[in-house]
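Just need the whole structure built from these sequences, with the hints factored in.
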Amino acid sequence: DMKVTQMPRYLIKRMGENVLLECGQDMSHETMYWYRQDPGLGLQLIYISYDVDSNSEGDIPKGYRVSRKKREHFSLILDSAKTNQTSVYFCASSLPDRGQAPLFGEGTRLSVL
Amino acid sequence: AQSVTQPDARVTVSEGASLQLRCKYSYFGTPYLFWYVQYPRQGLQLLLKYYPGDPVVQGVNGFEAEFSKSNSSFHLRKASVHWSDWAVYFCAVSPTGGYKVVFGSGTRLLVSP
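Chains as they are written, first to last, in my numbering: chain H, 1 to 113; chain R, 1001 to 1113.
There may be inaccurate statements among the hints.
[To be verified] Derived lysine-lysine pairs resembling DSS-like cross-links, with alpha carbons at most 27 Å apart:
id: 1; chain 1: H; residue 1: 70; chain 2: R; residue 2: 1100
id: 2; chain 1: H; residue 1: 69; chain 2: H; residue 2: 3
id: 3; chain 1: H; residue 1: 82; chain 2: H; residue 2: 62
id: 4; chain 1: R; residue 1: 1049; chain 2: H; residue 2: 3
id: 5; chain 1: H; residue 1: 62; chain 2: H; residue 2: 13
id: 6; chain 1: R; residue 1: 1100; chain 2: H; residue 2: 62
id: 7; chain 1: R; residue 1: 1069; chain 2: R; residue 2: 1049
id: 8; chain 1: H; residue 1: 69; chain 2: H; residue 2: 13
id: 9; chain 1: H; residue 1: 70; chain 2: H; residue 2: 3
id: 10; chain 1: R; residue 1: 1100; chain 2: R; residue 2: 1069
id: 11; chain 1: H; residue 1: 3; chain 2: R; residue 2: 1100
id: 12; chain 1: H; residue 1: 69; chain 2: R; residue 2: 1100
id: 13; chain 1: R; residue 1: 1069; chain 2: R; residue 2: 1024
id: 14; chain 1: H; residue 1: 82; chain 2: H; residue 2: 13
id: 15; chain 1: R; residue 1: 1024; chain 2: R; residue 2: 1049
Derived from the structure by calculation, the hints contain no laboratory data.
This is the structure:
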């Protein structure tokens, strides 16, 4: 069953704490994404990964970094989280062919207090 | 740069009535286009996708969309709306030759009895 799994689903952190969001997929998709979703803004691309250790900044990478050491796993890290990073974060994966529609996880709802 | 505009933040339709959700894209060339649906507290699910070819694309649950190069549009339609269609709908574009997928800000569909 094709699935993108995100952990945790809900997370509350204090400003200045480090945050680790994890994403896994069982389809061996080469391409993986991290987006954040805010009301009225749709989804904004944070990072895209083309394969292990092959990552590229998206439209809003500032304040975030990523790690991809295995094809099935893609992490989003917030070093010293800020209150304006409160959002819903979505991970997605797709085949590397042009124009493939990403398959999304259920999201992680992060609150930074 | 590519972009997607969904001009209607909210649309209300009576159950059983027809539906059109608007999407305009900005891209030089013919892109790949997608419509996704997001139910409350869930991730995005693919409704349908357009690859260069037949301008009318059929999706799941009776949805279809029509691509128009002259109007730079990719509107979503459904002949008869059901209460279960109450959700947020996102239009997205991916350039030919690339992997980046850009999303619109979404349209919230409300279904009245």
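We went through each hint and held it up to the structure:
1. H:70 x R:1100: holds, 21 Å
2. H:69 x H:3: OK: residue 69 of chain H and residue 3 of chain H at ~19 Å, within 27 Å.
3. H:82 x H:62: holds, 11 Å
4. R:1049 x H:3: Satisfied, since the Cα-Cα distance of roughly 19 Å is no more than 27 Å.
5. H:62 x H:13: Status holds; Cα separation ~19 Å.
6. R:1100 x H:62: Holds: residue 1100 of chain R and residue 62 of chain H sit about 18 Å apart, inside 27 Å.
7. R:1069 x R:1049: holds, 15 Å
8. H:69 x H:13: Distance of about 25 Å is within 27 Å: holds.
9. H:70 x H:3: holds, 16 Å
10. R:1100 x R:1069: OK: residue 1100 of chain R and residue 1069 of chain R at ~20 Å, within 27 Å.
11. H:3 x R:1100: Distance ~20 Å between residue 3 of chain H and residue 1100 of chain R Cα, so the pair holds.
12. H:69 x R:1100: The hint holds at about 21 Å.
13. R:1069 x R:1024: holds, 10 Å
14. H:82 x H:13: holds, 9 Å
15. R:1024 x R:1049: OK: residue 1024 of chain R and residue 1049 of chain R at ~15 Å, within 27 Å.
When held up to the earlier numbered hints, the structure conflicts with none and fits them all.
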